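Asks: Single-letter residue listing:
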Amino acid sequence: MLRLTVRKFQCTGCRFCESVCAAGHAPAFSLGAARLRISQETITEPTFAVNVCRQCTVCLPLAACPTGALTREARTGVLRLDPARCPAGCRLCAEACHLGAFHDGGHGLILCDLCGGDPECVRVCYTEALLLSEYQLPARGPARPAREPSPR
Amino acid sequence: MNKLATIDLDRRQVTVEEIAPDLRRRFLGGRGINTHLLFHAVDEHTDPLGPGNVLLFGTGLLTGLPWVGASRSSFSAKSPETGHLGDSAGGGHFGAEVRFAGFDHLVLRNRAAEPVYLWVHDGQIELRDARHLEALTLTDTQDAIKHELGDTRVQVAAIGPAGRRCVRWACIMHTMADAWGRTGMGAVMGSKNVWAIAARGGATLPVADPAALAKVTRTHYEQITRSKGFLATSSYGTLVRLNNTRTQGYEGGFNHQRNMTELPGELDADVFLDRYEIAKTACFNCPTHCRHVHEVTLRDGTRRRGGGPEYGGAGGWGSQCGAADWRTILEAWDYCNDMGLDVLSATAYTAWLMELYEKGVIGEADTGGLSLRWGDHDAIMGVLRQTVERRGIGALIAEGWMHAARAIGRGAERFFDHVKGLSIECDDVRGHRAQVLGLATSSRGACHLRSRYTLEEFALPSSVTEALIGVPIPSDAASYHNKEHATVWTENVCALADALGACKFLSKWLSTGLLGVDEFRDAVEAATGMRFTTEELVRVGDRIYNMERLFLVRQGMSRKDDAPPAKFYEPWTHGPRAGTRVEREPFEALLDRYYALRGWDGDGIPTPEALRALGLEREGALVASARGPGRC
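Protein chains in written order, with the numbering used here: chain A, 1 to 152; chain G, 1 to 632.
Hints listed in this document are in silico derivations from the structure and should not be mistaken for laboratory results. What you are looking at is a predicted structure, and each value in this text was computed from that prediction instead of being measured. Heads up, a few of these hints could be off.
As the list claims (entries may be wrong) - Residues on chain G that point at chain A, a partial pick, calculated with CB under 8 Å:
1. Asp143
2. Thr297
3. Leu298
To be verified - If you want the ones that stay clear, here's a sample from chain G, every Cβ over 12 Å from chain A, calculated:
4. Ala41
5. His147
6. Gly375
7. Asp592
Unchecked claim - When the alpha-carbon atoms are kept at most 30 Å apart in a straight line, the in silico DSS-like pairs for lysine-lysine are as follows:
8. Lys8(A) <-> Lys228(G)
9. Lys228(G) <-> Lys215(G)
10. Lys3(G) <-> Lys215(G)
11. Lys228(G) <-> Lys359(G)
12. Lys359(G) <-> Lys560(G)
13. Lys8(A) <-> Lys215(G)
No residue lacks a Cβ here, since even glycine has one placed at the ideal position from N, Cα and C.
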């Protein structure tokens, strides 16, 4: 399965990723439609914050969503936010996500959908601050072998 | 979208109008539409620092769109430094954000009663009190405004203390080192009592054919990142030129008295990268990330961070002022950026004063006690500080070099290297004929960004240049043959790029592998639906250039002003091409051929036929009535 890896110290702040993301997700171009956001705290700080979903194995928003609008696709492992089931103003997912991956898209929250596994943002990131990497979701059940019975 | 806002600062009124499709088609945007607006908004009598001048801001036709390097925008006004055409393009994220805020062009008229900054957001423009910014440097000004507006994604273009005090060569800055530098646009902004423009918005920009634009963008991205020039520009930025000019003998040393300084090896781009660079940043949508971020320990032990430098500062303080010492260069560079002084003018003025001091034209009585010895750190910083504080010699040069030369007397003006009142860049291109011609004819005065045929330095086979320009250009830089074609092509393509908001660092201005007019045409068609042939697009550049020429003619300029700096007629003293100089006769013949190619008469005045072909007969008639018969 695939997820985005962010190497924020490689980011030059060009926001080309935002542009192509926004262009790819809406017929008319508005940066508000971008599923990822680049920002800079102060002018003299050349490190940029890259806020985007990284398909975390343990996803706190998934547990926080009260309506089931946020789900994980079984086959690809990609988190999906269904706008039809996402009530306006709830934002519990956005509060639970410590990566700031949920963005206000103008008509409700929006989330990275990995563009079907070939994200344009990765393609235009020359410094490779954004990379696509493979991972395995752990199988269901206990993560570690059952403890040996205590000798006592 | 497609909105032009006029802000009457005196009455605090904002009026918004649509940009007519015809104007778009003829001038596209950015520098193009700015030039059109400026021509009609001021005249030959307008005082550049008076309320009658206008400050125009224009985003390029493609600025802000999802296309490679769509970042550039232009400020234009009548220049307080040169007294004629003022125009300066800059990158960063500001132009794109103004578009996202809902505007393409801003026109600032009159003068605000109290210092203000403009808050441009979501289709609205507010004038906000700026008095609390008075003590702040440029980076602090931008951070303070972002903090005040509560959004780190606000983009700010601001002036510093130099602009607020109307130093005639003050610039407008954005981030740490993006500048609209030349021709004193910061002084015009200061004279209007506008200290900054902040922008933020979520506007939707229409794209004619999103799928086609995505395809074009992907193709252009691949073309740029696979080109030979890309590795050099993305590692060194403009500093790539520092090493070229030093080793090939056209570096411009000690106020253009020598073409090779033989200063120590410290003055090398790799030394800068190794010791001082900590990061790279990029303009909007640009993979090249040519902007350096540096950290340096100053002489007083303080450690500071800054953006840049570019070649103009490194060569300017390095070889031109003789400071082969990165710490001095970076301190001077950062000081200029903090205060909002144009670096190219700052280096030219300092080198000029140093030569005057060396020749005994000025002494310590004139310089406010400074010993202006070549390469001296305290001398360089002293000149800059005095300028911002308007005292000593700084009080004179803050009013521009022409004023300073008159006040000093004793033939001081002969030592200042300029074209049409604007200083030349630090490099010394007298052996490159198309570049000399470009310097001489450049519409805002000496300029490498609107008329330098950069390709001349690469000794390209004439078959390559023929495919590009339509006429074979000799690979020998010292040849005068056919060079008028190279200069006209460069001037038209640069004007076109400035109107589109495209960066010349990603274009064939720099390297044949990068984007050319064909690529611009594809992007324009996909993004806006406007169909042009390649020739028609080049003609837009031609139209802009002729419009600028009409502006100059109205100011009383002609052939007498199309002259390279006097020092260029002296031979190069050092290096592999020692002895090379501009020869008067072949140069004048080259200028004649250039005028003929442009359709201008022997005195450099556009002929009525040439103007009619470009649809500029109305402007030509205006100039003719202002200047008398025979002048268009």
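Asks: Hint compliance check: list the failing hint numbers for this structure, sorted ascending.
Replies: Of the numbered hints, 2, 3, 5, 11 do not hold.
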